[in-house]
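Protein chains in written order, with this note's numbering: chain A, 396 to 807; chain B, 396 to 807.
Honestly, I wouldn't trust all of these hints.
The list treats identical chains as one, so a pair stands whether inside a single copy or across any two.
[To be verified] Straight-line distance between alpha carbons at most 25 Å, and here's what the computed DSS-like set of lysine-lysine pairs gives: (1) 781 with 439; (2) 764 with 741; (3) 551 with 601; (4) 627 with 441.
No lab work stands behind these hints: they were computed from the structure.
Number of protein chains: 2
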Amino acid sequence: MLLSNFTYICNKYFYLVLLDSTMIQVEEALSVVAKNSCKMPIRKIKVSKSLGFILAEAIYSPMNMPPFRQSAMDGYAFLHSELQHLDVVSTSQAGDFSNIELAKNEAIRIFTGAFVPDHLDTVVMQEHTSRTGDALAITKMPSRFANVRNEGEQIKENELVLPKNTLINPAAIGFLACLGITEITVYAKPKIAVLVTGNELVKPGKQLPKGKIYESNSVMLEAALKGIGIKKVKIIRVKDNLKATKKAVKECLSDFDVVLVSGGISVGDYDFVKEALLSNGVEELFYKINQKPGKPLFFGKKDKKIVFALPGNPASTLTGFYVYVYPALKISMGFETIHLSKITRKITTQFENTSGKTLFLKAFFDDEKVTVLESQSSAMLNTFAKANGLICLPFDSITIEKNQEVLVIPIN
Amino acid sequence: MLLSNFTYICNKYFYLVLLDSTMIQVEEALSVVAKNSCKMPIRKIKVSKSLGFILAEAIYSPMNMPPFRQSAMDGYAFLHSELQHLDVVSTSQAGDFSNIELAKNEAIRIFTGAFVPDHLDTVVMQEHTSRTGDALAITKMPSRFANVRNEGEQIKENELVLPKNTLINPAAIGFLACLGITEITVYAKPKIAVLVTGNELVKPGKQLPKGKIYESNSVMLEAALKGIGIKKVKIIRVKDNLKATKKAVKECLSDFDVVLVSGGISVGDYDFVKEALLSNGVEELFYKINQKPGKPLFFGKKDKKIVFALPGNPASTLTGFYVYVYPALKISMGFETIHLSKITRKITTQFENTSGKTLFLKAFFDDEKVTVLESQSSAMLNTFAKANGLICLPFDSITIEKNQEVLVIPIN
Numbered sequence: 396m397l398l399s400n401f402t403y404i405c406n407k408y409f410y411l412v413l414l415d416s417t418m419i420q421v422e423e424a425l426s427v428v429a430k431n432s433c434k435m436p437i438r439k440i441k442v443s444k445s446l447g448f449i450l451a452e453a454i455y456s457p458m459n460m461p462p463f464r465q466s467a468m469d470g471y472a473f474l475h476s477e478l479q480h481l482d483v484v485s486t487s488q489a490g491d492f493s494n495i496e497l498a499k500n501e502a503i504r505i506f507t508g509a510f511v512p513d514h515l516d517t518v519v520m521q522e523h524t525s526r527t528g529d530a531l532a533i534t535k536m537p538s539r540f541a542n543v544r545n546e547g548e549q550i551k552e553n554e555l556v557l558p559k560n561t562l563i564n565p566a567a568i569g570f571l572a573c574l575g576i577t578e579i580t581v582y583a584k585p586k587i588a589v590l591v592t593g594n595e596l597v598k599p600g601k602q603l604p605k606g607k608i609y610e611s612n613s614v615m616l617e618a619a620l621k622g623i624g625i626k627k628v629k630i631i632r633v634k635d636n637l638k639a640t641k642k643a644v645k646e647c648l649s650d651f652d653v654v655l656v657s658g659g660i661s662v663g664d665y666d667f668v669k670e671a672l673l674s675n676g677v678e679e680l681f682y683k684i685n686q687k688p689g690k691p692l693f694f695g696k697k698d699k700k701i702v703f704a705l706p707g708n709p710a711s712t713l714t715g716f717y718v719y720v721y722p723a724l725k726i727s728m729g730f731e732t733i734h735l736s737k738i739t740r741k742i743t744t745q746f747e748n749t750s751g752k753t754l755f756l757k758a759f760f761d762d763e764k765v766t767v768l769e770s771q772s773s774a775m776l777n778t779f780a781k782a783n784g785l786i787c788l789p790f791d792s793i794t795i796e797k798n799q800e801v802l803v804i805p806i807n
Numbered sequence: 396m397l398l399s400n401f402t403y404i405c406n407k408y409f410y411l412v413l414l415d416s417t418m419i420q421v422e423e424a425l426s427v428v429a430k431n432s433c434k435m436p437i438r439k440i441k442v443s444k445s446l447g448f449i450l451a452e453a454i455y456s457p458m459n460m461p462p463f464r465q466s467a468m469d470g471y472a473f474l475h476s477e478l479q480h481l482d483v484v485s486t487s488q489a490g491d492f493s494n495i496e497l498a499k500n501e502a503i504r505i506f507t508g509a510f511v512p513d514h515l516d517t518v519v520m521q522e523h524t525s526r527t528g529d530a531l532a533i534t535k536m537p538s539r540f541a542n543v544r545n546e547g548e549q550i551k552e553n554e555l556v557l558p559k560n561t562l563i564n565p566a567a568i569g570f571l572a573c574l575g576i577t578e579i580t581v582y583a584k585p586k587i588a589v590l591v592t593g594n595e596l597v598k599p600g601k602q603l604p605k606g607k608i609y610e611s612n613s614v615m616l617e618a619a620l621k622g623i624g625i626k627k628v629k630i631i632r633v634k635d636n637l638k639a640t641k642k643a644v645k646e647c648l649s650d651f652d653v654v655l656v657s658g659g660i661s662v663g664d665y666d667f668v669k670e671a672l673l674s675n676g677v678e679e680l681f682y683k684i685n686q687k688p689g690k691p692l693f694f695g696k697k698d699k700k701i702v703f704a705l706p707g708n709p710a711s712t713l714t715g716f717y718v719y720v721y722p723a724l725k726i727s728m729g730f731e732t733i734h735l736s737k738i739t740r741k742i743t744t745q746f747e748n749t750s751g752k753t754l755f756l757k758a759f760f761d762d763e764k765v766t767v768l769e770s771q772s773s774a775m776l777n778t779f780a781k782a783n784g785l786i787c788l789p790f791d792s793i794t795i796e797k798n799q800e801v802l803v804i805p806i807n
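Using the sequences and the accompanying hints, generate a full structural model.
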């Protein structure tokens, strides 16, 4: 799975890039994430709470819809004949049920959605009639069967309502409800632990001692998770020591489906996360990606549980979330389209990528162009808050000319 | 505001379209909605709960960020000089604060994000050193000031953090949190009443008597509202009689900001909604739109409260929601971009619009093309559940050729 050292040549320059054995390219990392993420178990939920879930089984209609012959108009129901003058003898309002028999020269007043008695075949819209007392004149005769919706015209009992893997949108919810369906089987959403490491971190709202900073990754990740419909998120804070980190990782692995660790994953002496993960039986699938920002990004697995350890710098954390965590979570929730959509736009300035790494640049795009935003620092979120996309420049593209089309990943 | 009868000529046909005095064109209706919707009051909320809200005031930084000089690397901090061999005398881990003075030939072990003592100016990354015991050799001398992040380098106290009207995304939440900000002032989200009328309607899950159908618009509208971040929705059901409808409307107007009425708005004898609205002091702004589906669509206002009465057919209800209710709600929540985005795609089949009405067609689009889906019936949602967009064909465009570019409104 891991790429060995390799050499590559590009149009203008000659590079010798030595990737250490734990570092892989972005495309490879994405493929490892996709291969090692798996769907959550299925569960029954109420249709009224199912927005954004993915159907885990096909649904067939329990009934005909409409369940009876319905008027499609406000007007008069009658048995079609050559007669244009009829007596109005009764009324069928929506919701009524009266299966009366009428003579050929009789009609009933009827409203949209109302039951059409079995032996009547046609509805004339009220705009095509004139009425005096109970005497009705049809001024424009409709064709036979006009304005009557047949039983099961829209869907018949046992016909497919929605196939497996349908994303439940508002229309699907309405469709299920109108067939009387109240529960469906979907893929569950993962329970997520966000494990925040770092002695320097203080919760916002508290006094900030010298040498410390406010911890922001947990609320940010919680919001990003909420943005894709995941609300079961527990935030766990741990000091930079191996024992505490090991214990916290153990708890996370027992109680949650996905663990997101923030910080403690680079090569500093106090970065205990990797050791804590490995000692808890997490299999390392990759540890570093040839990218900027966010080179140290650990992805691992224990049974069906997956772990991402994201770098602590906020902008790196969020980039890692959008590019790697997002598709893993989409898979777990049963989605077939797992990545954020990609679009191409013309870049507004020339850009050099001499890093040999794949770059994810905070950017703002409109219908035609994309602009690289100022300040791409991985420590700071101000640029990210203004960005609506990430430009992805592959490691092997060096000079990007102004107006060249580049790949953009829309975010938010 | 209302268009009078008018005549128009198009390229192939000659039409005389008589619009009655209460019927207006789609563009006019959209403009009336935009003019008569207003922002909700502002309120303070927790940053951690602010995803998707719009900032109602500019935010300035309460502090410098970083709040002190920080190391940008794992390595060694020292006072830059010609000396390449230094003694390591202490350690600064992230979160530590020890403002010690060092001799010129001394260094401290330092980690990313850690405090750099005041009189030191440079950090060398650990990869550019070799160390034996406390003896440190710098193998590649960095330039003076390298790898030190200055106090306030990212943002200074009192500098603008986020301007008024910013949409709060995960990055903005992280940015605010890292500055210790825990509360912000945003536009409130509207409380919404969904008033469902119709004697024929039965709640899903119950037995369905002959002549009746399951009520699906309320859960569908609730889901559509949830989809744009509105959770405070109360569903109220009322029978088709004037007294009950009047009473329900009165309650809705007193307790909610926006009232969505489903059904009871067409011209049938049992459609009491309009009368109930007017008698409760709701000013009619329009009542019919020259469109299909969903011609009868009432929009009105009482003080700052707005009312939409949507036709009862599910697909008409949802179309009305996306086209008219959505922008009104966006305005109320403080958004500046209020409409669903519009894109153009090539239509895959020739299409005739001889109705003289603006059509909203359920459709499926990809990166290049858009296909009109089968079954455009306004009573049924099966097509809507498969659609990812609505094609909007203006009333005055008659023949649409295959591969002609048409306007598509993405939904979901």
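Original post:
Are the CA atoms of residue 781 and residue 439 at most 25 Å apart within a copy, between copies, both, or neither?
Top reply: Classified as between: cross-chain Cα gap 22 Å, same-chain 39 Å, threshold 25 Å.
**OP:** Have a look at residue 764 and residue 741 and pick one of within, between, both or neither, based on CA distance no larger than 25 Å.
**Re:** both (5 Å within a copy, 21 Å between copies)
Subject >> Intra/inter-copy verdict for residue 551 and residue 601 if alpha-carbon distance must be at most 25 Å >> reply: between (62 Å within a copy, 19 Å between copies)
Original post:
Is the C-alpha distance from residue 627 to residue 441 at most 25 Å within one copy, between copies, in both cases, or in neither?
Top reply: Both, since 18 Å and 19 Å are each at most 25 Å.
In summary, this structure violates none of the numbered hints.
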